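Protein chains: 2
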Amino acid sequence: MEKGSGTYNCMTDYQKLEDHFRSIAHLSHAESILGWDHSTIMPNGGQQDRSACLTELGVIKRKMITKPELLDWVDSAKQDASLNNWQKANVREIDRLLQTTHQITDDLAKAKSQACSKSEFAWRSLRAENNWKDFAPLLKEVIALSLEEAQQRASHTGRSPYDALIDLYEPGQTTTSIEKTFSQLRDFLQPFIPVVLEKQKSQSVIPLQGPFAVEHQKNLGLEIMQHIGFDFNHGRLDVSHHPFCGGVPTDVRITTRYDENDFQSSLMGVIHETGHASYEQGLPKDWITQPVGHARSTGMHESQSLLFEMQVSRSKAFFDFATPIMQKHLGNNTQPANMLSAENLYALSTRVEPGLIRVDADEVCYPMHIILRFEIEKALLAQEITVDDLPEIWHEKMQAYLGLSTLGNDKDGCMQDIHWSYGALGYFPTYTLGAMAAAQLFQSACKKHPNIPDEIAKGQFSTIRTWLAHNIWLQASLQNTDDLMIAATGKPLQASFFIEHLQTRYNGA
Amino acid sequence: MEKGSGTYNCMTDYQKLEDHFRSIAHLSHAESILGWDHSTIMPNGGQQDRSACLTELGVIKRKMITKPELLDWVDSAKQDASLNNWQKANVREIDRLLQTTHQITDDLAKAKSQACSKSEFAWRSLRAENNWKDFAPLLKEVIALSLEEAQQRASHTGRSPYDALIDLYEPGQTTTSIEKTFSQLRDFLQPFIPVVLEKQKSQSVIPLQGPFAVEHQKNLGLEIMQHIGFDFNHGRLDVSHHPFCGGVPTDVRITTRYDENDFQSSLMGVIHETGHASYEQGLPKDWITQPVGHARSTGMHESQSLLFEMQVSRSKAFFDFATPIMQKHLGNNTQPANMLSAENLYALSTRVEPGLIRVDADEVCYPMHIILRFEIEKALLAQEITVDDLPEIWHEKMQAYLGLSTLGNDKDGCMQDIHWSYGALGYFPTYTLGAMAAAQLFQSACKKHPNIPDEIAKGQFSTIRTWLAHNIWLQASLQNTDDLMIAATGKPLQASFFIEHLQTRYNGA
Chain A
4 MEKGSGTYNC MTDYQKLEDH FRSIAHLSHA ESILGWDHST IMPNGGQQDR
54 SACLTELGVI KRKMITKPEL LDWVDSAKQD ASLNNWQKAN VREIDRLLQT
104 THQITDDLAK AKSQACSKSE FAWRSLRAEN NWKDFAPLLK EVIALSLEEA
154 QQRASHTGRS PYDALIDLYE PGQTTTSIEK TFSQLRDFLQ PFIPVVLEKQ
204 KSQSVIPLQG PFAVEHQKNL GLEIMQHIGF DFNHGRLDVS HHPFCGGVPT
254 DVRITTRYDE NDFQSSLMGV IHETGHASYE QGLPKDWITQ PVGHARSTGM
304 HESQSLLFEM QVSRSKAFFD FATPIMQKHL GNNTQPANML SAENLYALST
354 RVEPGLIRVD ADEVCYPMHI ILRFEIEKAL LAQEITVDDL PEIWHEKMQA
404 YLGLSTLGND KDGCMQDIHW SYGALGYFPT YTLGAMAAAQ LFQSACKKHP
454 NIPDEIAKGQ FSTIRTWLAH NIWLQASLQN TDDLMIAATG KPLQASFFIE
504 HLQTRYNGA
Chain B
4 MEKGSGTYNC MTDYQKLEDH FRSIAHLSHA ESILGWDHST IMPNGGQQDR
54 SACLTELGVI KRKMITKPEL LDWVDSAKQD ASLNNWQKAN VREIDRLLQT
104 THQITDDLAK AKSQACSKSE FAWRSLRAEN NWKDFAPLLK EVIALSLEEA
154 QQRASHTGRS PYDALIDLYE PGQTTTSIEK TFSQLRDFLQ PFIPVVLEKQ
204 KSQSVIPLQG PFAVEHQKNL GLEIMQHIGF DFNHGRLDVS HHPFCGGVPT
254 DVRITTRYDE NDFQSSLMGV IHETGHASYE QGLPKDWITQ PVGHARSTGM
304 HESQSLLFEM QVSRSKAFFD FATPIMQKHL GNNTQPANML SAENLYALST
354 RVEPGLIRVD ADEVCYPMHI ILRFEIEKAL LAQEITVDDL PEIWHEKMQA
404 YLGLSTLGND KDGCMQDIHW SYGALGYFPT YTLGAMAAAQ LFQSACKKHP
454 NIPDEIAKGQ FSTIRTWLAH NIWLQASLQN TDDLMIAATG KPLQASFFIE
504 HLQTRYNGA
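Which chain is which? The protein sequence lines are A and B, in order.
Here the first sequence is numbered in our numbering, starting from 4 and rising by one per residue.
Here the second sequence is numbered in our numbering, starting from 4 and rising by one per residue.
Simulated from the structure, these hints should not be mistaken for lab results.
Hints are not guaranteed to be accurate.
In this list, chains with the same sequence are indistinguishable; a pair is considered to hold if it fits within one copy or across any two.
Said to hold, decoys possible - Derived lysine-lysine pairs resembling DSS-like cross-links, with alpha carbons at most 27 Å apart:
no.	residue 1	residue 2
1	121	288
2	221	115
3	319	461
4	115	70
5	288	113
6	115	19
7	19	70
8	400	19
9	64	113
10	19	66
11	19	450
Bear in mind that the values here come from a model prediction, so they are computed numbers and not experimental data.
Turn these sequences into a full structure, and let the hints guide you.
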């Protein structure tokens, strides 16, 4: 951790920062891979010991980030006229990380970590049992600590408590900016959803009829990943209960889960995670130990997964290319005729149907799930509602936005997501910000390279990948999100591209 | 890492030690799982970054172990009359760990770690290429640093340099004690091997004729592990180039490799690693964060793997039980009649044939491979020979001990093992000490419970496991090896039981 003073004496304060953050990156590497292992292949009996290990690493890392000298080094580096733009951006990101870490006390960090660990672990079984009564007290503790966290962060920044949390995931966004965007989306979607539903009523689709063997689905996923550009020298595909993208940029671990009756759910999941992985694998390899070398934000990360899943792959062009591959892996002569046709698979993959579960939602209904959560989080952090109110409020909003009831069904209502159980308030909006950015980026790329859809239909992904690499991946955190979006698309992030995308795809507008 | 002074003020120095070593255990957990991942499933492109991560963890751990206050706490704990025997043993083990770590300088630890990492990585390809010329300079650096390490350790302890290294793996053993044992073994084996070879000439065996599908071999291995008592709630079986037992006691990761033409090699490997795993899984769960809770030594660990592989499983009783299971997984009607009979499988698994490769050696020839390495290590550390002499000396000793030549074949000669490439001198003797302990323990267990072989023939392993749990696993490091062996078998470790075992099994004596 510490270098000999001899070494340090020859270094500028900026160099000391780079050196120190290189060590921190190595610790983050350990946390990432151990976290992946925990969620994929660790036997159950390893649980308690692994948690203790991860807590220890977290304590060591926090101690390294809050090392008092770092604040002086940052102050000095900010005055250092010899730094180039990359180094300046690195200092900005380091400064942000230090501020974010210092905003909350060690005691709160520890208390929240323990409460979240307990609550998340309990959530796994209590959700399955639809047991709100026993989950509520655990969630209350997490929400109380999250509120304290938000207040501590707010007191350092002058932001509102909810803004302070949003900023952790999507720097630059605020409750106000998100409200503006989300109200635009809600105003569009509330009348749009019934129109699409009515229109799709008259379309006939052949439902998938399995079984589709897991081994065949896995091979299909691996082949599609290869085509899209996943780098298997720097990553793997495995299985987990909840699909995710983990690991480190030189070793990106994506996961999926298989349903023998529905191969599209796993396949689209694999493509989604391949989008996340492409961002990580596409970050400049020489930068990855420094904060400036990290992916820009949670929302920008989601933009890459949704660009590959929603923009590239839930398209007619993609099914023109991929259908023969799906037929090769999954087809047999007992299946209904045309079930595995490009037309039917496209229709299935763009079917709209309001449902209770966010992660199963189609791209039209999805934002309503997010808006609901955003409104509830805002009210929780403004202390206008309490944890006890959640089941009722959730039900009311589901009724209002998607016409569905969750009365007595908290499992599929306010208990369905893992996020609150581990205190990640302020995270949900980034899913829809990501969907918006995905549409905006894809439309800009296609405007510049109109042949992209034709290439996708031939299984060629190099033009879209090169454009993304240049505009997003290789930029890492050099710029803030607004500047990044303006440089790539000419405009800051906005909802209009996403709305246009939905109109084109779902209403032939 | 540090506790608030408030917490520490309420603790005795002994309690501070326990607390500190609990943190160190969590770091070791991270190192173990990341090391396992590195050797099993990590994609190649993750290599450099992972090495940096492991180096960082090593630096942090060394810093935690060399924290200056610890020496004072140990001194104080040694005077603490309130400690019980378990705590006293813990202090003894902590003291030993501190001494061992302090014996070498930070600079040497770092230099050796870097040289070993470079040499081990190069060894993988250079060995395959039989490229001694390019490997020798790398090995020279490692051996020079190992010599420096041995000298630094010797200067602190008054031991000879080689003794100082041996003590790292098998506390209590010395060059003299091992020489005495090994000369006894050599004197027995040199005339014994030709007798066994001559005897086996007249036995007809049906060689294995594959292919044996990997998937079937895997299922066979898993079923046998289950029978023997591997706890899958606290462990896994995976694949690696070199089989090993890694992970942590609550999550033991064993590996194997598959040869489609020879299922016995993988199966016996799986049983061997299950022996290691049984020790780790059998350690007292409440002790595992403390040094007294660790397995006793490298040799004792090997005794458990060899007890399960050589004593339990390369026996007629075992094949009586396991042959139907092997037939179920691997049998088909294209195979030669009786190939998968208990009699033939037992004969194959006890076939003696001098060969160049240690890891493929039968249990009769194996000690000669170890004696050869022991003699060479001793000469290297006494500076009687240099790295340049290795190919020639290796060849001469192979000629003398097993009648085989390695001239021009360093790949299967002095380059065959990974150990020297990463500077593990003093390790090899523990393999044969383990074989001796395995025979001694198994004979003692069978003397106490003469029904053990009959039980094995029925697939019942609880009596032998309970005996081992009581006498070895649950003892962890409470006693030194001699006391442990005396308590379990009535005698300190000696070669006579192993010699008797070989005579009984291979010469019907």
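Each hint tested on the structure:
no. : hint         : in the structure
1   : 121 with 288 : between (36 Å within a copy, 21 Å between copies)
2   : 221 with 115 : neither (38 Å within a copy, 43 Å between copies)
3   : 319 with 461 : within (12 Å within a copy, 62 Å between copies)
4   : 115 with 70  : within (21 Å within a copy, 29 Å between copies)
5   : 288 with 113 : between (33 Å within a copy, 25 Å between copies)
6   : 115 with 19  : between (31 Å within a copy, 25 Å between copies)
7   : 19 with 70   : both (12 Å within a copy, 23 Å between copies)
8   : 400 with 19  : neither (51 Å within a copy, 53 Å between copies)
9   : 64 with 113  : both (13 Å within a copy, 22 Å between copies)
10  : 19 with 66   : both (16 Å within a copy, 19 Å between copies)
11  : 19 with 450  : neither (44 Å within a copy, 65 Å between copies)
Checked against the numbered hints above, the structure violates hints 2, 8 and 11; every other hint is satisfied.
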